[in-house]
Structure formats: structure tokens, C-alpha cells
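In order, the protein sequence lines correspond to chains R and E.
Take the position in the first sequence, starting the count at 1, then add 3; the result is the number in our numbering.
The letter at position 90 of the second sequence is residue 86 when you use our numbering, and the numbering goes up by one with no holes.
Simulated from the structure, these hints should not be mistaken for laboratory data.
Take the hints with a grain of salt, since some may be wrong.
Cut-off 25 Å, straight-line C-alpha distance, at most; resulting in silico cross-link-like pairs (BS3-like, lysine-lysine) [what the hints assert, rightly or not]:
id	chain 1	residue 1	chain 2	residue 2
1	R	K39	R	K73
2	E	K74	R	K73
3	R	K39	R	K62
4	R	K109	R	K54
5	E	K74	R	K54
6	E	K74	E	K38
7	R	K60	R	K39
8	E	K79	R	K39
9	R	K60	R	K73
10	R	K109	E	K74
11	E	K74	E	K53
12	R	K59	R	K39
13	E	K53	R	K59
Coverage of chain E stretches by chain R, computed from C-beta distances (three or more under 8 Å per stretch; other residues unrestricted) [unchecked claim]:
id	region
14	38 to 50
15	91 to 99
Some chain E residues close to chain R (C-beta under 7 Å, calculated; not the full set) [unchecked claim]:
id	residue
16	F87
17	S102
18	G103
Don't be surprised by glycine CBs; every beta carbon is placed ideally from N, CA and C.
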Amino acid sequence: GQQVMQIPQYQHVQEGEDFTTYCNSSTTLSNIQWYKQRPGGHPVFLIQLVKSGEVKKQKRLTFQFGEAKKNSSLHITATQTTDVGTYFCAGGNDMRFGAGTRLTVKP
Amino acid sequence: EPEVTQTPSHQVTQMGQEVILRCVPISNHLYFYWYRQILGQKVEFLVSFYNNEISEKSEIFDDQFSVERPDGSNFTLKIRSTKLEDSAMYFCASREDRAGGYTFGSGTRLTVV
């Protein structure tokens, strides 16, 4: 079945540094969604990208969908301690999740 | 803000026993899903449900699993004969249409002993 790969698995940053997680698929995705899961919590929907080359911003978060619709990225500018959690991408009609990138932020 | 409600929050069961995990999706949502997450691992798709039937299921969703929408509000996941490796957090999710984001419930932590 369709596989969505996500890197890195872990990222530890100093507060104020930037953070990026990448999502790659072997097949073209109809859409991609990003979720955040706080420790002990449930995934919370952040955004959906549908169009080739699409870029969307939510405050300090920038989401991109590749031209070929096979990859996506989430970039956080100037991380804060509230950004801590695991960020998952999920793609395609049956919403297969990537393994997630666990972000920790040192104050 | 509308929520997906899951009960119980934690279920402990003996190996071989049947369990039913319950979910109340958001009322105007039409697509329903079950996912599971083994501790520290990724969220794994189990099954999707639309128009009173399964639309897709993963390789994890074998004959031991079944889903039902017994009335207009509940959406249940049944595991017939639980195994130790079924221990995980089970998340229910719903969405209004295929273009929208998923709303996840808070999950049921299933522990099989």
C-alpha cells in the first residue's frame, strides 16, 4: 500500500531556533494533511494542502506541498516551548500517517 | 467546538476476551475512522466507514475486528478475541466530507493482560 515516509524521527532545538520536518511519498498524493500530537494527547488537525506547489502559513508555521505532489514540509520559525509535540503528515484518500517527528524545545 | 467523544478512556481486558470501543462522531460528519497507536509509535489506519459500510481497511483490520454504526450517533469498534499485541491507544476520527480535516477523539487506551 501507499507509504508516507517522514524525517527526521526526532528533533531537539533550542527555543528560538527553526524546525523543519519532511514528508515523502513514493506515489502522487491527492492531498496531504498535517497534525500535531502533544505528549499524551490525540492528533489535532493543522492544515490540508491540495494543490501542486501550494504554500500555506499559520503564524510561525509554513506548510508546503511539492510540485509533483509527492512531498511536503512543515517549517516552524523561532520555536517556542509550546511547539513541543509530534508532528505527523498524512496523505492520500485513506490517510496513511507518517511515523512523525518528535520535537522537543529547550527553553 | 464540536468534539468526537470516546468511551471508555481506559479499558483493561484479559487476553481472549471481547472488547467494544465506543465513539460518538460529530453529528453532521459523514466519514468515520478508527486508528490505533501503539505507545511511542505512529498512528496506524485501521478502517474507514461511510454510508453504513466499510470503505477501506488496512491489513491490521483482520477478522478479529469489526465496526458498527448501531444507531444514528454511535460508531463502535469490536475486537472479538483480544491479544496482547492489541494493547494500544485507539482513536476514533470523523470528518464532514472527503475534503476536510479529521477530528480525532481523545482515544481509548486498551490494555490486554
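These are the hints, each one checked on the structure:
1. K39(R) - K73(R): With Cα atoms ~21 Å apart, K39(R) and K73(R) stay inside 25 Å; holds.
2. K74(E) - K73(R): violated (35 Å)
3. K39(R) - K62(R): holds (15 Å)
4. K109(R) - K54(R): violated (35 Å)
5. K74(E) - K54(R): violated (37 Å)
6. K74(E) - K38(E): holds (21 Å)
7. K60(R) - K39(R): holds (15 Å)
8. K79(E) - K39(R): Since the Cα atoms of K79(E) and K39(R) sit roughly 29 Å apart, the hinted pair is violated (cutoff 25 Å).
9. K60(R) - K73(R): With Cα atoms ~20 Å apart, K60(R) and K73(R) stay inside 25 Å; holds.
10. K109(R) - K74(E): Judged against 25 Å, a Cα distance of about 42 Å means the pair is violated.
11. K74(E) - K53(E): holds (14 Å)
12. K59(R) - K39(R): The given pair, whose Cα atoms are some 16 Å apart, holds under the 25 Å limit.
13. K53(E) - K59(R): violated (31 Å)
14. 38 to 50: holds (count 5)
15. 91 to 99: holds (count 6)
16. F87: Holds, because the Cβ-Cβ distance from F87(E) to chain R comes to roughly 6 Å (cut-off 7 Å).
17. S102: At about 5 Å, which falls below the 7 Å cut-off, the nearest Cβ of chain R leaves the hint on S102(E) intact, so it holds.
18. G103: Hint on G103(E): holds, closest Cβ of chain R at ~5 Å, below 7 Å.
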